[in-house]
Amino acid sequence: MLQLIDLKVSYGGVEALHGLSLEVKPGELVTILGANGAGKSTTLMAISGLVRPKSGSILFKNERLDSLRSHEVVQRGVTQAPEGRRVFGPMTVEENLRLGAFTRLKGIEASLEKVFGLFPRLDERRNQMAGTLSGGEQQMLAIGRALMAEPTLLLLDEPSLGLAPLLVKTIFQAIRDINKSGVTVVLVEQNARAALKLAHRGYVLDVGNLVLEDSSENLLNNPLVIDAYLGAQ
Amino acid sequence: MYDLNFFLQQLSNGLTRGSIYALIALGYTMVYGVMKLINFAHGELFTLGAYFGYTILVTLGLAGSLGPPMAIGLSMIMVLGLVALAGHLLERVAYRPLRHSDRLAAVVSALGASIFLQNAIMLKWGAQYRAFGADLLPNVVFHIRNFNLPLVRLLVFVAAIVVMAILHLFIHRTRLGLAIRASAIDQGAAKLMGIDVRKVIALVFIIGPALGGLAGLLVGLYYGQINYNMGQIYGLKAFTAAIIGGIGNITGAMVGGLLLGLLEAMGEGYVSVAWKDALTFVVLIMILVFRPTGLLPERVAEKL
Ligand SMILES: Nc1ncnc2c1ncn2[C@@H]1O[C@H](COP(=O)(O)OP(=O)(O)O)[C@@H](O)[C@H]1O
Ligand SMILES: [Mg+2]
Numbered sequence: 222m223l224q225l226i227d228l229k230v231s232y233g234g235v236e237a238l239h240g241l242s243l244e245v246k247p248g249e250l251v252t253i254l255g256a257n258g259a260g261k262s263t264t265l266m267a268i269s270g271l272v273r274p275k276s277g278s279i280l281f282k283n284e285r286l287d288s289l290r291s292h293e294v295v296q297r298g299v300t301q302a303p304e305g306r307r308v309f310g311p312m313t314v315e316e317n318l319r320l321g322a323f324t325r326l327k328g329i330e331a332s333l334e335k336v337f338g339l340f341p342r343l344d345e346r347r348n349q350m351a352g353t354l355s356g357g358e359q360q361m362l363a364i365g366r367a368l369m370a371e372p373t374l375l376l377l378d379e380p381s382l383g384l385a386p387l388l389v390k391t392i393f394q395a396i397r398d399i400n401k402s403g404v405t406v407v408l409v410e411q412n413a414r415a416a417l418k419l420a421h422r423g424y425v426l427d428v429g430n431l432v433l434e435d436s437s438e439n440l441l442n443n444p445l446v447i448d449a450y451l452g453a454q
Numbered sequence: 002m003y004d005l006n007f008f009l010q011q012l013s014n015g016l017t018r019g020s021i022y023a024l025i026a027l028g029y030t031m032v033y034g035v036m037k038l039i040n041f042a043h044g045e046l047f048t049l050g051a052y053f054g055y056t057i058l059v060t061l062g063l064a065g066s067l068g069p070p071m072a073i074g075l076s077m078i079m080v081l082g083l084v085a086l087a088g089h090l091l092e093r094v095a096y097r098p099l100r101h102s103d104r105l106a107a108v109v110s111a112l113g114a115s116i117f118l119q120n121a122i123m124l125k126w127g128a129q130y131r132a133f134g135a136d137l138l139p140n141v142v143f144h145i146r147n148f149n150l151p152l153v154r155l156l157v158f159v160a161a162i163v164v165m166a167i168l169h170l171f172i173h174r175t176r177l178g179l180a181i182r183a184s185a186i187d188q189g190a191a192k193l194m195g196i197d198v199r200k201v202i203a204l205v206f207i208i209g210p211a212l213g214g215l216a217g218l219l220v221g222l223y224y225g226q227i228n229y230n231m232g233q234i235y236g237l238k239a240f241t242a243a244i245i246g247g248i249g250n251i252t253g254a255m256v257g258g259l260l261l262g263l264l265e266a267m268g269e270g271y272v273s274v275a276w277k278d279a280l281t282f283v284v285l286i287m288i289l290v291f292r293p294t295g296l297l298p299e300r301v302a303e304k305l
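Going line by line, the protein sequences match chains A and B. So the first sequence is numbered by the working numbering: it starts at 222 and just counts up by one. So the second sequence is numbered by the working numbering: it starts at 2 and just counts up by one.
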């Protein structure tokens with residue numbers, strides 16, 4: 222469904238991705254792990270069309286995304302809940318969600334109900350300014366907003382960042398439900414253990430290079446991963 | 002001398018003048034909101050509106066052939082359209098090619114466009130003042146007790162307020178308005194929503210200039226005369242109004258414009274006419290020093 226082939230991205234001459242190749246199959250939940258600065262967000266932003274790759278290609282359903290503009294990528298059914306949530310703070314929860322459906326004209330109310338079903342908390346806060354929500358609620362909003370376009374591929378960038386363990390559990394449960402409902406998910410995480418418990422497969426990035434790729438089970442037991450990303454427990 | 006009527010006189014004059022500042026300020030603030038760039042040529046688009054109005058009403062004599070109400074209504078619509086077009090061309094020529102350059106390039110380009118437009122207007126219409134003609138509007142004055150309200154004052158104020166109300170509804174009630182607000186808050190996030198931000202930029206470069214151009218026409222009607230470099234002082238004042246309301250904040254620009262107009266009219270009436278302009282810049286400097294985010298509290302001041 223999604224294929225990155227030898228993807229290179231640089232920021233003003235400094236290369237952040239040195240030729241990344243990966244593949245995501247329909248219905249999968251795939252996680253991308255790696256330390257800060259590994260190039261995880263860059264990968265997602267390249268897929269979403271917010272940064273242009275220097276070389277390589279991004280294929281989605283056999284169409285090249287890398288030559289499309291960001292709104293065209295959304296129109297193809299690829300949406301993202303970005304790192305840091307980036308909700309529209311001075312707008313209400315409902316306005317944020319409606320923005321998520323910007324590329325659509327019909328069926329918006331049904332999607333709205335679906336998101337409220339997934340995150341009842343957002344329903345309660347419907348008319349509240351997004352900026353006044355707690356971190357966890359903002360994350361729900363960011364994910365809900367990305368779902369409003371009814372995507373086939375959902376990109377999630379560190380949804381657990383800065384959240385209390387209980388909230389992380391809620392969010393991850395929701396991600397599982399989203400995936401079960403048929404949406405393919407790419408989950409970028411630093412919380413490697415939780416991500417691997419959720420995902421079918423995982424990729425590990427290290428400063429712009431792919432270092433590992435395996436099933437979640439194998440990665441959870443890989444000494445290298447245990448050492449570098451899971452810590453002693 | 003300083004009785005209630007005098008106060009009401011200054012009040013109505015201040016509100017009218019302020020509504021003009023507000024219209025112009027909206028153009029600065031909308032463009033800034035989305036592009037984070039001051040459109041230095043905005044004052045000249047305002048002037049252009051005044052001269053388009055002059056050409057339509059006086060040179061072409063539309064007022065004579067259609068009668069004042071029809072002619073003025075039509076000239077407003079035409080000025081909105083023509084200056085919208087001019088704004089769009091400006092964006093295409095002076096800003097869009099510099100999309101990927103740094104901010105300084107765009108600022109220099111904006112200043113260049115401003116100088117170019119001002120000179121073009123002078124070459125086309127001349128450097129002398131142009132009079133709209135006293136007979137353009139029937140010289141009606143409403144008397145409420147001892148308070149005199151000239152028709153033109155009412156007309157200008159109502160026109161400005163109606164247009165701003167429409168803009169407010171557009172920004173807050175429509176899908177495109179939502180896209181403009183989102184792009185002003187976070188362009189990247191707006192793109193992730195599937196918003197074509199390039200189109201949003203084009204849109205604010207249509208709406209903002211249209212409003213500024215209309216303000217130019219209203220100034221012509223209100224004061225009866227226009228000049229090729231009037232955009233400088235009006236631009237600076239409207240920019241001050243935008244800063245008062247918090248640059249990038251649409252409601253703020255409206256409030257800031259009205260406040261500045263009132264402040265000027267009161268200063269003029271109760272302090273000294275000579276100090277009117279100086280007062281504006283004292284306010285600008287004070288706000289930039291003490292409250293650069295504008296006077297509205299953040300919570301009320303919903304950014305755009
Ligand atoms: N907008 C940017 N401008 C310049 N460098 C950037 C930018 N975004 C990311 N980088 C650099 O690219 C590298 C990868 O960053 P990023 O993709 O954010 O990593 P991760 O999401 O894995 O933490 C880092 O070295 C980072 O400093
Ligand atoms: Mg990141």
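Hints in this document: simulated from the structure, not taken from any laboratory. There's no promise every hint is true.
Residues from chain B that face chain A, not an exhaustive set, calculated with beta carbons under 10 Å [unchecked claim]:
id, residue
1, Leu179
2, Leu193
3, Gly195
4, Lys200
Please read all numbers here as calculations on a predicted model, not as lab measurements. Positions of the beta carbon are idealized from the N, C-alpha and C atoms, including for glycine.
Checked hints:
1. Leu179: Hint holds; Leu179 (chain B) Cβ to chain A Cβ min 6 Å, cut 10 Å.
2. Leu193: OK, holds: Leu193 (chain B) within 10 Å of chain A, min 5 Å.
3. Gly195: Holds, about 3 Å.
4. Lys200: holds (9 Å)
The structure shown violates none of the earlier numbered hints.
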